[in-house]
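Listed in order, the protein sequences are those of chains A and B.
Residues in the first sequence are numbered consecutively from 0, following numbering that gives the first Met the number 0.
Residues in the second sequence are numbered consecutively from 0, following numbering that gives the first Met the number 0.
These are calculated hints, taken from the structure and not from any lab test.
Note that CB positions come from ideal geometry on N, CA and C, so glycine has one too.
Residues of chain A clear of chain B, computed beta-carbon distances all greater than 12 Å: (1) Met0; (2) Arg9; (3) Thr10; (4) Leu14; (5) Trp53; (6) Thr57; (7) Ser60; (8) Leu67; (9) Val144; (10) Ala155; (11) Met163; (12) Glu167.
Computed beta-carbon distance windows for the label pairs: (13) B:Gly12 - A:Leu112: 24 to 30 Å; (14) A:Leu67 - B:Val98: 51 to 57 Å; (15) B:Val68 - A:Ala150: 51 to 57 Å; (16) B:Ser91 - A:Leu108: 49 to 55 Å; (17) A:Asp70 - B:Gly33: 44 to 50 Å; (18) A:Ala66 - B:His133: 57 to 63 Å; (19) B:Tyr26 - A:Ala150: 33 to 39 Å; (20) A:Val20 - B:Gly33: 34 to 40 Å; (21) B:His220 - A:Phe123: 14 to 20 Å; (22) B:Thr149 - A:Val144: 47 to 53 Å; (23) B:His220 - A:Val64: 41 to 47 Å; (24) B:Gly219 - A:Arg9: 51 to 57 Å.
Looking from chain A toward chain B, a few residues come up when the C-beta cut is under 10 Å (computed): (25) Phe103; (26) Gly117; (27) Arg124.
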Amino acid sequence: MISYVRRFSRTERTLHWVNAVCFLYLLGTGLILYLPSLSIAVGRRPLIKTMHFWGGVTWVSLLVVIALLGDRRGLVRTAREIERLDEDRFNVGQKVNAILNAAFTILFLVSGLLLWLGERDTRFRFASTVILHDGLMFAALTLLVGHLYLALIHPATRHSLRGMALGEVREDWARVHYPRWRPVWQSGERRSARRTS
Amino acid sequence: MPEQPDGRRYGRGLFLATVAGGLSSLYWGKSVWGKVSAATGGVESLVPLVPHGWRIYTISGTMPTFDPVTWRLNIGGLVHDGTSMDYERLRSLPRANQVSTFHCVTGWTVKNVQWGGVRLKDVFDVVKPMPEAHAVEFFSAEEPYTDYLTMDQALLPDVMLAYEMNGKPLPREHGAPVRLIIPDMYGYKNVKWLNTINLVPAAENGYWENLGYDRDAWVGHSNGYG
Numbered sequence: 000m001i002s003y004v005r006r007f008s009r010t011e012r013t014l015h016w017v018n019a020v021c022f023l024y025l026l027g028t029g030l031i032l033y034l035p036s037l038s039i040a041v042g043r044r045p046l047i048k049t050m051h052f053w054g055g056v057t058w059v060s061l062l063v064v065i066a067l068l069g070d071r072r073g074l075v076r077t078a079r080e081i082e083r084l085d086e087d088r089f090n091v092g093q094k095v096n097a098i099l100n101a102a103f104t105i106l107f108l109v110s111g112l113l114l115w116l117g118e119r120d121t122r123f124r125f126a127s128t129v130i131l132h133d134g135l136m137f138a139a140l141t142l143l144v145g146h147l148y149l150a151l152i153h154p155a156t157r158h159s160l161r162g163m164a165l166g167e168v169r170e171d172w173a174r175v176h177y178p179r180w181r182p183v184w185q186s187g188e189r190r191s192a193r194r195t196s
Numbered sequence: 000m001p002e003q004p005d006g007r008r009y010g011r012g013l014f015l016a017t018v019a020g021g022l023s024s025l026y027w028g029k030s031v032w033g034k035v036s037a038a039t040g041g042v043e044s045l046v047p048l049v050p051h052g053w054r055i056y057t058i059s060g061t062m063p064t065f066d067p068v069t070w071r072l073n074i075g076g077l078v079h080d081g082t083s084m085d086y087e088r089l090r091s092l093p094r095a096n097q098v099s100t101f102h103c104v105t106g107w108t109v110k111n112v113q114w115g116g117v118r119l120k121d122v123f124d125v126v127k128p129m130p131e132a133h134a135v136e137f138f139s140a141e142e143p144y145t146d147y148l149t150m151d152q153a154l155l156p157d158v159m160l161a162y163e164m165n166g167k168p169l170p171r172e173h174g175a176p177v178r179l180i181i182p183d184m185y186g187y188k189n190v191k192w193l194n195t196i197n198l199v200p201a202a203e204n205g206y207w208e209n210l211g212y213d214r215d216a217w218v219g220h221s222n223g224y225g
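Given only the sequences and the hints, what does the whole structure look like? Please build it.
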């Protein structure tokens with residue numbers, strides 16, 4: 000009999016997967032604009048620029064809408080959990096990753112809007128905007144590679160993918176990897192835990 | 000669970016510091032990146048996909064292609080001897096070489112680009128401009144891209160029609176077979192895929208100037224910079 004414990008709420012999982020899909024879409028379209036070899040192979044720069052810009056607007060808008068329509072109190076609790084750089088439901092590395100990605104989202108949005116506005120009005124034009132936007136891409140890509148390795152490949156950690164896909168992880172795995180985490184079910188609310196055979 | 004003030008401060012501090020550092024880099028990013036890029040230039044060149052400073056900007060769906068058999072550079076307008084020269088004839092004009100820096104108005108810069116080509120003065124010697132010609136209109140095969148220089152700007156000593164870049168024929172993505180190079184102005188004045196040059200009475204707005212960019216695009220002194 001395997002015991003499972005809930006690790007991620009539906010709102011958290013929705014935010015994660017929407018963020019993942021949008022980021023990969025923006026990475027793809029952005030690399031076509033950024034890398035000369037892809038720019039040459041694909042062409043259609045005006046179309047790709049439009050797709051990239053509106054993809055970015057959609058990305059941030061969806062995150063806001065999901066947060067507003069979802070479990071807002073739960074998200075606030077999660078934010079407070081993450082900003083304490085100690086080990087509980089997440090380890091310190093996961094918290095740093097989440098904090099940096101949140102900051103990068105704001106910086107991607109600001110620099111992307113400045114690039115778009117700067118083409119239309121010199122008041123929004125800064126010599127370093129494109130360097131910030133590109134630098135963020137490299138930094139976010141580095142985090143993504145590490146995240147994908149731990150979530151998909153590394154044997155000890157890849158079980159966490161189940162948590163982000165279905166919401167629950169094995170209790171014995173959680174006890175080993177997050178010994179300081181005190182899930183809700185341990186305080187008596189067993190409805191958040193599910194036993195399966 | 001009781002709050003842990005120290006832990007909270009570090010997490011929120013990391014978030015705020017990252018956002019603040021990123022936003023402030025709008026002011027210091029380019030100078031710092033220039034130094035980093037100079038220090039790591041040798042490493043960058045070993046990575047095939049990463050752009051070594053260049054970004055390829057186009058305004059249409061596909062880049063023009065160069066066919067040496069059919070390609071012509073038409074030079075007309077206010078001239079006595081308008082011409083339509085083929086690639087061989089262009090290359091037979093007096094050759095000029097230079098190493099100059101290319102600045103894009105969006106912020107990126109490529110230093111020490113080797114250009115080979117022909118000075119506009121030598122082109123004008125062929126077509127003999129009329130006295131009332133005070134500006135030059137450049138047409139790209141990438142329609143509807145056009146731009147203008149005044150005659151004074153066109154005759155600056157480092158302005159050229161470049162058909163070679165870094166010792167090789169100008170690549171397609173950089174405007175093959177010939178592009179305008181004016182290092183003192185931002186890249187959008189450096190018209191790629193040139194196919195027509197007209198001498199005209201006065202400069203007007205080109206493609207990007209119709210979208211709000213400055214007609215006199217001096218590096219560091221136009222488009223909101225300087």
